[in-house]
Amino acid sequence: MKNVYLQFAIVLLLFAAAPFFISSFHITLLTEILILAIFALSLNVIVGYTGMVSLGHAAFFGTGAYAAGIIAQHVSANMLFTLFGAVIISVLLAGLIGLFCMKVSGFYFLMLTLAFSQMVYSFVYQSTEWTGGSNGLSGIPRPVLFGWEISNMVWLFYVIAALFMLLYAGLRILVGSPFGKILVGIRENETRLKSMGYNTNIYKYLAFVISGALGGVSGSLYTYFNGFIAPSDVYWTMSGTVLIMVLIGGSGTMIGPVLGAAMIVLLETTIASYTDMWMLILGSVFILFVIFFPSGLYGIWQDLSVRFQKRGGPSEVTKLNKKRAS
Amino acid sequence: MKILEVEAINKSFGGLEILKEVSFNVNQGERIGIIGPNGAGKTTFFNLLTGDLGPSRGTIYFKGSNITKEPNYKRSRRGIVRTFQKNNLLDELSILDNLLLVLQRKHGLKHTWFRIRKEKYYKALYEEAEKLLETWGLTVQRHVKVKNLSYGEQRQIEIMLGIATDPSMLLLDEPTAGMSQSETDYIVQLLAKLPKELTVMIIEHDLEVIFGLAERMIVLHDGHVLIDDTPEVSKSDSIRWEVT
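From first to last, the protein sequence lines stand for chains R and Z.
Using the numbering used here, you'd call the opening residue of the first sequence number 1 and step up by one each time.
Using the numbering used here, you'd call the opening residue of the second sequence number 1 and step up by one each time.
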């Protein structure tokens, strides 16, 4: 446990020191990674921990983003207010969509989430008066925190890094809690959980709503970061991209989605400077991961550490056999 | 005291009738063996009792309450607990994690959202788990993933998880299937030690096992209750030998 606190402190220190050592371009990149990492972590709650693969998570990202933008434009640019409003609206939407999606599972769940997401996209696209339609929502005022306008990217980075740390720690506790263990149980064998007396639908629904709420948080942060929202941020390709982030990073782990988000953002930034066909390369990378490294980046790291451990000791089964023999 | 009343239960899959007008009562603490040939409807009957399947017709009362339309998780909470014919565990989790999931449901923990499930926070839970593991001789393996255990050990865990919930009625679906003779003997010994007030229904193909444990036998054949009597009477009935 102390090790966790130490890791947390080191990351905190690194975030605090980053603006002093890296260029403003890289701070912008890091901010985007953190926002998308929150988005990927939110999807990971249902995909990685509960075993429900969704292809409609952009609905919550977009809802959070548009809600924050519209509130900032029409009501108040106070960050706490816009963030709170975005989360509430995302929760309501996730609550509504979840009611329908919990009726099905597997492939049908995936298709239903996709359908709802496209409905949200269609709504955004058609509601020109509120969302700007195909032109997107522009002219969003900069966020204000405690009466102070966050006009500097470094300060925005600090705010987003702090939120990221907070949400990461919160999610870590959640997935390690008895509630989180139930989600893992559902992923592993829902029939068994039901026979243990768990109303699995309630837990799946709660996971879906939590996931939607966090998706909304990431969307609203994206609005502060970008100052502009386009309908493409709600489109199904956005849902596909975040799913790839989770799978490439390592679903069902805490650090995996963060690594996945970092990898996709870095790949996009690097490759896009050479060619427009970055999606083609991303697709190839994804195919390679699915075939050769299905456990993702985190799985690669785990495999390597197991290999190192093997040099020093036997496997779990060998250890067990030795224990039995003794 | 009657714990279970089954009234004219029918179950059909499409046009195929699996169970036909099955009726009987079970008293608390009874040990009932259910035998019959493959396809007689034994497991389907268990599925109807646990709520994994709904009956086409008929009524089921448990402790006086009509549970016919209740979902499986609610029946489990009432105390109707089962083991599965094929091992149906959380394979990627350790034995301890499997057990803790059962116990945390049973105890209805506080702080389920914002406190990591660790021994120092949930001491009583872990202590109970350790006691059960000791009773079932699984202490050494407690941190091993279930998928890495032998088939016999996995069968043992199936039963242990059922008992860990403190059920009123335990339904054992072929508890010794696929086990070696020594493993079977061990399981029979453990089952013989179950609390007297616990109602147990066992589906089993090993007649030696079932006659050793049951005090009442139900022979299912072609969806009907063919015989419902003591093991002695049932044993001497030539019809049973023909169908099983």
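By construction, these hints were calculated from the structure, which means they are not laboratory data.
Do not rely on the hints blindly, as some may be mistaken.
[As the list claims (entries may be wrong)] Here are a few chain R residues that sit away from chain Z, every Cβ distance over 12 angstroms (derived from the structure):
#1 Phe20
#2 Val75
#3 Ile210
[What the hints assert, rightly or not] Okay, the calculated beta carbon distance ranges per label pair:
#4 Z:Glu92 with R:Leu14: 49 to 57 angstroms
#5 R:Asn199 with Z:Asp185: 22 to 30 angstroms
#6 Z:Lys20 with R:Asn199: 30 to 38 angstroms
#7 R:Leu267 with Z:Glu92: 25 to 33 angstroms
#8 Z:Asn148 with R:Gly133: 39 to 47 angstroms
#9 R:Thr275 with Z:Gln85: 54 to 62 angstroms
#10 Z:Lys110 with R:Ala16: 32 to 40 angstroms
#11 Z:Glu232 with R:Val306: 56 to 64 angstroms
#12 R:Phe293 with Z:Asp91: 19 to 27 angstroms
#13 Z:Asn148 with R:Leu267: 34 to 42 angstroms
#14 Z:His111 with R:Leu145: 25 to 33 angstroms
Just so you know, even glycine gets a beta-carbon here, dropped at the ideal spot from N, CA and C.
Here's how the hints hold up against the structure:
1. Phe20: holds (34 angstroms)
2. Val75: holds (31 angstroms)
3. Ile210: violated (10 angstroms)
4. Z:Glu92 with R:Leu14: 49 to 57 angstroms: Given a distance of about 33 angstroms, which is not inside 49 to 57 angstroms, the answer is violated.
5. R:Asn199 with Z:Asp185: 22 to 30 angstroms: violated (38 angstroms)
6. Z:Lys20 with R:Asn199: 30 to 38 angstroms: Since Z:Lys20 and R:Asn199 have Cβ atoms about 32 angstroms apart, the given range 30 to 38 angstroms holds.
7. R:Leu267 with Z:Glu92: 25 to 33 angstroms: Holds: the Cβ-Cβ distance is about 30 angstroms, inside 25 to 33 angstroms.
8. Z:Asn148 with R:Gly133: 39 to 47 angstroms: Because 56 angstroms falls outside the window, the suggested range is violated.
9. R:Thr275 with Z:Gln85: 54 to 62 angstroms: Because 57 angstroms falls inside the window, the suggested range holds.
10. Z:Lys110 with R:Ala16: 32 to 40 angstroms: holds (36 angstroms)
11. Z:Glu232 with R:Val306: 56 to 64 angstroms: Holds, at about 58 angstroms.
12. R:Phe293 with Z:Asp91: 19 to 27 angstroms: Taking Cβ atoms as reference, R:Phe293 and Z:Asp91 lie about 22 angstroms apart, which means the hint holds.
13. Z:Asn148 with R:Leu267: 34 to 42 angstroms: With Cβ atoms ~37 angstroms apart, the hint holds.
14. Z:His111 with R:Leu145: 25 to 33 angstroms: Taking Cβ atoms as reference, Z:His111 and R:Leu145 lie about 31 angstroms apart, which means the hint holds.
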